[in-house]
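Asks: Fit chain C to the supplied structure of chain P, relying on the hints for placement.
Here is how the chains run, residue by residue.
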Amino acid sequence: MSLYAYSLLSIVGINIMLAVSLNLITGFCGQVSLGHGAFFGAGAYAAALCAVAGMPVPVALLAGLFVAGLLGLLVGFASVRLREDFLAVTTIGVGFLLVGFVRKQSWLGAEMGISKIPASGLGPDGNAVMILLFALATIAFSLYLKRSWMGFAFRAVADDEQAARTLAIPASTYKLVAFAIGTAIAGLAGGLYTYFTQFIVPDSFGFILSVTLMAMVVIGGTGSTWGVVVGTIILTLLPEAFRFINEYRLLIFGGLLVLVMRFAPGGLAGIVTSATRRLRRA
Amino acid sequence: MTDTLEVQNIAIAFGGVQALTDVSFTVKKGELVGLIGPNGAGKTTLLKIIAGVLAPDSGQILLGGKDVTSLPTAARVRKGLAVTHQIVRPFRSMTVLDNTALAAGHRFTSNPLTALFHKARKSEDTHARTTLSRVGLGGLEQSDVNALPLGMLKRLEVARALAVEPDLIILDEPLAGLNHREAEQQVDTIAALNAGGVTTVLIEHNLREVLRVCQRLLVLDGGRIIADGDPTTVMANRAVREAYIGKADDHVAA
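Residue numbers (the numbering used here), protein chains in the order written: chain P, 1 to 282; chain C, 1 to 254.
With the rest of the complex left out, here is chain P (with noise of 0.2 angstroms):
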């Protein structure tokens, strides 16, 4: 395989994690993130202040973990309080605030990013093949929890939280462990972005990339594992595949979006099932 099909899988597992883990919380417990892009990008600066400062790989990957997760737990508790169309504010703001942030921060390397990140030692085939592999151990782990108790207690949370709360389910720290988990693997996948590119900006996790993440979940089917995994794989090679599509990328994301939102709320799984279930019938 080429350099380029490596990069392209790369590309297609990080995005897959990041969709997936946003799908967590909003899909799953019904809290939306329009911010996911920064704790991408948190976990990648954590990796790869690591992974400069020497440390070995599997110790940068955490450090990307624990530091996203740590702050979606921070950001969760906006949630505990904000009603839903509120936190989707908030989030824009954080997301807004931590690439401000890092854009002042000499340690962080300013606008100019971190460069010269040493690389995983893998190889380009190598580091798409870890990527790939933790992107299919999110896909199970997300169809897993849909299934617990945990997913279960999820879908009261976004249906009723008073009501779930009356079932003696404790809705905020349902919401909480929702951000963490979900903002811990988007920490996970910057980590894996750091060591693919091996030099990070803070431009790239920004608001257009939260929104495209957005995108991917909603045009996918906002709740279905599947159904985002293959919106994900759609919307990240179509632009490759046809370039003026590239050129007219954000024109086009955001018109599917306004289409499924008007026509197909439950997005590409919501279609599959309405189909099937006709067949069914017929």
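These are calculated hints, taken from the structure and not from any lab test.
Keep in mind the model is a prediction, meaning the values are calculated, not measured.
All C-beta atoms in this analysis are idealised placements derived from N, C-alpha and C, irrespective of residue type, glycine included.
It is possible that some hints are incorrect.
Computed, partial: chain C to chain P, Cβ under 8 angstroms [stated by the list, open to error]:
no.: 1; residue: Pro-72
no.: 2; residue: Phe-91
no.: 3; residue: Arg-92
no.: 4; residue: Ser-93
no.: 5; residue: Met-94
no.: 6; residue: Leu-102
no.: 7; residue: Ala-103
no.: 8; residue: Gly-105
no.: 9; residue: Ala-115
no.: 10; residue: Val-164
no.: 11; residue: Arg-241
no.: 12; residue: Tyr-244
Here are some of the chain C residues that sit facing chain P, going by a computed Cβ distance under 10 angstroms [what the hints assert, rightly or not]:
no.: 13; residue: Gln-86
no.: 14; residue: Arg-89
no.: 15; residue: Asp-98
no.: 16; residue: Leu-148
no.: 17; residue: Arg-160
Replies: For chain C alone, kept in the frame of chain P given last:
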């Protein structure tokens, strides 16, 4: 023996309005108590304080002898309290069975860590099926809650509350919006559950049905308990009659 529920000197004000003043009463194990009062008497506010949705300005709530005044709702439910909602609040993305099974799985869901490491639902599904048939929802397990009429959703509220295996269940207007026959059936169900050992507080406007089954009446008016006792004595009470039909003078004036 300790009381199932003790409400001690509860008071709360919203802005300048004193919604509840020095409200105290106890509910003993096995009782079926009707809590009545005109609109705006403070019944729902009192329920919210007992459930932990609102914090009182002063006073204590005790469940099974333990002070729960500072505990959040979910923790009180773990201590044996169940409440139903006046406006039905089913989980809209779930079937009737899942709504009830989720409640039956409260031992898993009350702690996120336990919830994460458990998946099997068989015994909770079975428990949910039994509960659903007890409230008259047998056969509707796989129904979509969005397709159910209000009468069924009112029963689902009761089923969910029962599924958490409470010592005490407080029903907030379980008959509101039901027709004559549905109300009668619902009250029969509630009385049967109480006979089965569930201590019950029934907050209701439908006096006819309350008087039919309750052994004791509490009357709340203007944020105070104005009567507490057996239904016949309470309904003969002058203050209660005035609260419901207005003072004799008002009628003269009108």
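Asks: The structure should be examined with respect to each hint, and the outcome stated for every one.
Replies: Hints, one by one, checked against the model:
1. Pro-72: holds, 7 angstroms
2. Phe-91: holds, 4 angstroms
3. Arg-92: Interface hint status for C:Arg-92: holds (6 angstroms vs cutoff 8 angstroms).
4. Ser-93: holds, 5 angstroms
5. Met-94: Holds. Min distance 7 angstroms.
6. Leu-102: holds, 6 angstroms
7. Ala-103: At about 5 angstroms, which falls below the 8 angstroms cut-off, the nearest Cβ of chain P leaves the hint on C:Ala-103 intact, so it holds.
8. Gly-105: Given a least distance of 6 angstroms, the restraint on C:Gly-105 holds.
9. Ala-115: OK, holds: C:Ala-115 within 8 angstroms of chain P, min 4 angstroms.
10. Val-164: holds, 6 angstroms
11. Arg-241: With a minimum Cβ separation of about 34 angstroms from chain P (threshold 8 angstroms), the hint on C:Arg-241 is violated.
12. Tyr-244: Cβ of C:Tyr-244 sits 30 angstroms from chain P, so the hint is violated.
13. Gln-86: Interface hint status for C:Gln-86: violated (12 angstroms vs cutoff 10 angstroms).
14. Arg-89: holds, 4 angstroms
15. Asp-98: holds, 8 angstroms
16. Leu-148: violated, 15 angstroms
17. Arg-160: holds, 6 angstroms
Of the numbered hints listed earlier, those contradicted by the structure are 11, 12, 13, 16.
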